[in-house]
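Peer 1: Work out the full structure: start from the sequences and follow the hints.
Sequence order for the protein chains is S and A. So for the first sequence, the working numbering puts the first residue at 1303; every next one is plus one. So for the second sequence, the working numbering puts the first residue at 1303; every next one is plus one.
Because the hints were derived from the structure by calculation, they are not lab data. The structure presented is a predicted model; accordingly, all values stated were derived computationally and were not measured. Warning: the hint list may mix true and false statements.
Because identical chains share one entry, a pair is satisfied inside a single copy or across any pair of copies.
Straight-line distance between alpha carbons at most 25 Å, and here's what the computed PhoX-like set of lysine-lysine pairs gives [claimed, not checked]:
hint	residue 1	residue 2
1	Lys1313	Lys1422
2	Lys1328	Lys1341
3	Lys1413	Lys1341
4	Lys1328	Lys1422
5	Lys1313	Lys1471
6	Lys1630	Lys1471
7	Lys1328	Lys1313
8	Lys1341	Lys1313
9	Lys1630	Lys1413
Number of protein chains: 2
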Amino acid sequence: MKQRDSAPTMKDVAREAGVALGTVSKVFNDIPVGEDYRKRVEEAARRLGYQVNSYARGLKTNRTCSVALILPDITHPFFSALAQGVCSALAARGYRTILSITAYDPEAEQKCIQMVQQNKVDGIIGLTYNPELDIDPRLPYVSIDRYFSPSVPCVASDNFGGGQLAAEKLLELGCTRPLFLRIGSRVPGESDKRGDGFESVFRQRGMACAALRLNNEEGLEPIRDFLAGHMDGGQLDFDGIFCVNDALAVRVRDFLAELGLEVPEDVQLIGFDGLRHFATGDFYCSTIVQPVGRLAETGVDMLLREDRSNLPSLVCLPVTYASGGTTKE
Amino acid sequence: MKQRDSAPTMKDVAREAGVALGTVSKVFNDIPVGEDYRKRVEEAARRLGYQVNSYARGLKTNRTCSVALILPDITHPFFSALAQGVCSALAARGYRTILSITAYDPEAEQKCIQMVQQNKVDGIIGLTYNPELDIDPRLPYVSIDRYFSPSVPCVASDNFGGGQLAAEKLLELGCTRPLFLRIGSRVPGESDKRGDGFESVFRQRGMACAALRLNNEEGLEPIRDFLAGHMDGGQLDFDGIFCVNDALAVRVRDFLAELGLEVPEDVQLIGFDGLRHFATGDFYCSTIVQPVGRLAETGVDMLLREDRSNLPSLVCLPVTYASGGTTKE
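Peer 2: This is the structure in structure tokens:
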């Protein structure tokens, strides 16, 4: 690590460029000056390795070039991929990411929003579980996966379409006795549409579709019991199961193994998220893949758009199917 | 989402508290005033819902209450757990986390440091791969997993001790023909000590220990070939393998399966990191667990310590062994 003695100041830049201090200040604050002056100042700054004090800049131009990203957790692979995408998309536009983690706590989420507003960020991208969130309407906000109101733009995967895709895939692979399993937050969110889309396909065909929906507080035991209660002569009443996410699909595969059932031979299983081992390895299971990179990119784009007067209230991005060993293909 | 009309100003707080504007300013900038004044201002601010403009504060007190966290990637579960730990530890101390992702690119790392210095952050926590990093010596810096010089404090797991622990565990489980496998960055780092610790145990006992060390550029094929080349009459020349990380251990298990070998019956396998499926599920493999939370907490503590004149240059935190199905216990 190399050492440096003292940082050059704006005065040094003015001396080096042979211009007045006020001219340097104008250039650094994007106030118009003659093209020749701008060039001289920029070249002098480069030669000296001068670094603009963005804090002072933030005060003067009322822009901080910072965006807050609020997530419940970033150890879950979906959230960490989302954080990576948002951080990279912001960096590409010259914005800093201020990361806040809320641990799924509605109060922490509200506190987080307050803190972030104190920082005078230029906007917030949030994936939150507090339906009553109080957000300063002057601050651009983009919600991920949770729809608040027509005035708060939301970006999500096409969850309904993903549910339909899972149903069509199971039908194509010969399943006739479908089941939808869900465990998640009490707070309604876009991901609830996964089951709706799945069931709609069977309803349209006049086929029955079983479903079990649980809240996190109830834990996974009821799912294990439900599956055990639907065994009949060593066979399960269902031959195709769609789980609300990959993590649940992996647990359900374990429950099926306990019942002596083989996946995909006896039961085919599709999850949702598109998670991979160590982020880049194999898929955990056959799955509906969320376009995480596009979610992040679209969220950042909607947040930073110059004209935000005509933003859509909900943008749903297309999902895809990927085979990951828990279906016959 | 509730709406609000206009934010209260410092003037409003002064009026509400019945004090001079200068007194309000002093309180918000931590300049001593009479205790009674401080209380009146704080209560008025609370009643009005006044939010301190931290940017202005940053300029005046020369503190930004922001710390930059520089990581190569946060989709890898070790890095996302580390990011979560650092962000939480900073938040608990009233600091914001500015997240920067460098994609393992030494130039991007240097750029990142420059950008971060422009932000006038209070310090940097970095896990980087650029051995020539040019960091402003006036800015507190804590390095994770990479030792630069005695003047740059580094926090890491006890990698050497972890290697020894893996060796002792394999010996205890009856292994007599050990192998160490490594793939990673060309840039030397603390994690290189894992193999050193492992080999040292066998050297002390006068036992042979094979090793294969590769750089990322070489890919995993040489490891597959090496294992295939050490098959003899349906048996592998090694009965205990220590892999430099869990991701490699999982791949090696696949390679062994291709050779018709059972883990842990024919070969026992230990990784390093302590990663779990979906962050909270089962371990991927038997493993040496890094104390990620303590790494984050210690890094933040060393960065923000009031008196930084007497910091250690390297702090190694203890690791533990966890059985995860690839060893006999």
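Peer 1: A separate judgement is required for each hint: does it hold in the structure or not?
Peer 2: Hints versus structure:
no. : hint               : verdict
1   : Lys1313 to Lys1422 : between (28 Å within a copy, 19 Å between copies)
2   : Lys1328 to Lys1341 : within (12 Å within a copy, 41 Å between copies)
3   : Lys1413 to Lys1341 : between (44 Å within a copy, 22 Å between copies)
4   : Lys1328 to Lys1422 : both (22 Å within a copy, 20 Å between copies)
5   : Lys1313 to Lys1471 : neither (67 Å within a copy, 63 Å between copies)
6   : Lys1630 to Lys1471 : within (10 Å within a copy, 40 Å between copies)
7   : Lys1328 to Lys1313 : within (13 Å within a copy, 29 Å between copies)
8   : Lys1341 to Lys1313 : within (17 Å within a copy, 41 Å between copies)
9   : Lys1630 to Lys1413 : neither (47 Å within a copy, 48 Å between copies)
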